[in-house]
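Asks: Each chain, letter by letter, is given below.
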Amino acid sequence: MTITKKQEGTALTIALEGRLDTMTAPDLEKELKESLDGVTELTFDFADLEYISSAGLRVLLTAQKAMTQQGSMKVVHVSEMVMEIFEVTGFSDILTIE
Amino acid sequence: MKEVTINATLQDIRQAADFIESELTSLNCSEKIRHQIAVAVDELLANVINYAYEKDGGKCRVSFSYDDAAGDAVIRFTDRGVPFNPLMVEQPDVTLSASERQIGGLGIFLVRKLMDDIAYRYEDGCNIITIRKKIRNN
Chain S
1 MTITKKQEGT ALTIALEGRL DTMTAPDLEK ELKESLDGVT ELTFDFADLE
51 YISSAGLRVL LTAQKAMTQQ GSMKVVHVSE MVMEIFEVTG FSDILTIE
Chain P
1 MKEVTINATL QDIRQAADFI ESELTSLNCS EKIRHQIAVA VDELLANVIN
51 YAYEKDGGKC RVSFSYDDAA GDAVIRFTDR GVPFNPLMVE QPDVTLSASE
101 RQIGGLGIFL VRKLMDDIAY RYEDGCNIIT IRKKIRNN
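Sequence order for the protein chains is S and P. So the first sequence is numbered by my numbering: it starts at 1 and just counts up by one. So the second sequence is numbered by my numbering: it starts at 1 and just counts up by one.
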């Protein structure tokens, strides 16, 4: 999985390419730990995300909880496959998906 | 039937995932179903790695077969770790809000949702989990 970050002021966009699974979720978790200080708008761009497993959902939930405290978070360009995972797990109600 | 045996470590998951993916690709499985199966494989291997063995060094055998009559991919995971039936794990409440959500518990839930069938048995000192997913309509 490739993680690409783009920061404009306090807005941070994180684009993921590949698979967010048991192997790669720790990379994203580490990246978020180092990047969220002072961020008020967090956007995940999932245009090139192939699929997500529960390890990835856990990281998203942690990020959502952090951003609820300090600003807002949204997920954009969600594929049909990833949306199915969000829907069956109820994450479509937890996350802001555009 | 084809199979691969991996060390039950994070680094070896990819080897098993690639094996399953190449089998599915050679059967002309759709991308959507391939990804659904990839998620299920990831969840079940994560379970073995996290719970089956107290220390690294355990193995997990992953076998793949295609049930021609049913059009099903059949994937079996065998480990010699502590007896653990994932089907007995309490299902998470997926209606809770972000702040109420517990981290975790979603893996087996996803496998149940994405696969057509999941079965567990403990036999000869092995945990054996078998999943089935229709990949072709015959």
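Hints were generated in silico from the structure; no laboratory data involved. Glycine included, every Cβ here is placed at the ideal spot set by N, Cα and C. Among the clues, some could well be false.
Below, simulated DSSO-like cross-link-like pairs (lysine-lysine); rule was C-alpha separation at most 30 angstroms, straight line [stated by the list, open to error]: (1) K2(P) <-> K74(S); (2) K2(P) <-> K134(P); (3) K30(S) <-> K5(S); (4) K32(P) <-> K113(P); (5) K74(S) <-> K30(S); (6) K32(P) <-> K2(P); (7) K2(P) <-> K65(S); (8) K5(S) <-> K65(S); (9) K30(S) <-> K134(P); (10) K30(S) <-> K2(P); (11) K5(S) <-> K32(P); (12) K113(P) <-> K74(S); (13) K113(P) <-> K59(P); (14) K113(P) <-> K2(P); (15) K134(P) <-> K32(P); (16) K65(S) <-> K6(S); (17) K113(P) <-> K134(P); (18) K6(S) <-> K74(S).
Okay, the calculated bits of chain P under chain S, using three or more residues with CB under 8 angstroms as the criterion [claimed, not checked]: (19) 19-27; (20) 70-77; (21) 119-129.
Asks: Hints first: check each against the structure and report whether it holds.
Replies: Right, here's what the structure says about each hint:
Proposed proximity of K2(P) and K74(S) is contradicted: the alpha carbons are some 42 angstroms apart, above 30 angstroms. Under the criterion of a C-alpha separation no larger than 30 angstroms, the hint pairing K2(P) with K134(P) is consistent with the structure, at around 18 angstroms. For a cut-off of 30 angstroms, the pair hint linking K30(S) to K5(S) stands: about 13 angstroms separates their Cα positions. At roughly 14 angstroms between alpha-carbon atoms, K32(P) and K113(P) fall within 30 angstroms of each other, so this suggested pair holds.
For the given pair, K74(S) sits about 19 angstroms from K30(S) by alpha-carbon distance, which is consistent with the 30 angstroms threshold. Under the criterion of a C-alpha separation no larger than 30 angstroms, the hint pairing K32(P) with K2(P) is consistent with the structure, at around 22 angstroms. Taken as a hint, the K2(P) and K65(S) pair is broken in the structure, with Cα atoms around 43 angstroms apart against an allowance of 30 angstroms. Between the alpha carbons of K5(S) and K65(S) the distance comes to roughly 20 angstroms, so the proposed pair stays at or under 30 angstroms and holds.
Simply put, K30(S) and K134(P) have alpha-carbon atoms about 37 angstroms apart, too far for the 30 angstroms limit, and the pair is violated. Taking the CA atoms of K30(S) and K2(P), the gap is near 36 angstroms; set against the 30 angstroms cutoff, the hint is violated. The straight-line distance between the Cα atoms of K5(S) and K32(P) is roughly 27 angstroms, inside the 30 angstroms bound, and the hint therefore holds. Distance hint between K113(P) and K74(S) is fulfilled; the C-alpha atoms sit about 25 angstroms from each other, no more than 30 angstroms.
The hinted pair formed by K113(P) and K59(P) meets the criterion: a straight-line CA distance of about 27 angstroms does not exceed 30 angstroms. Proximity of K113(P) to K2(P) is assessed by CA-CA distance (about 25 angstroms); at most 30 angstroms being required, the pair is judged to hold. Taking the CA atoms of K134(P) and K32(P), the gap is about 12 angstroms. The hint holds against a cut of 30 angstroms. At most 30 angstroms may separate the alpha-carbon atoms for a hinted pair to count; K65(S) and K6(S) meet this at roughly 21 angstroms.
For a cut-off of 30 angstroms, the pair hint linking K113(P) to K134(P) stands: about 13 angstroms separates their Cα positions. Only pairs whose Cα atoms come within 30 angstroms are accepted, and K6(S) paired with K74(S) is accepted, the gap being roughly 15 angstroms. With a cut-off of 8 angstroms between beta carbons, the region 19-27 of chain P has 0 residues touching chain S; three or more are needed, and the interface restraint is violated. Note: the region 70-77 of chain P has 0 residues with beta-carbon separation from chain S under 8 angstroms; the three-residue rule is not met and the coverage is violated.
Coverage of a stretch by a chain is defined here by at least three residues with a beta carbon nearer than 8 angstroms to that chain's beta carbons; for the region 119-129 of chain P and chain S the count is 0, and the condition is violated.
Going down the numbered hints, you'll see the structure goes against 1, 7, 9, 10, 19, 20, 21, while the others check out.
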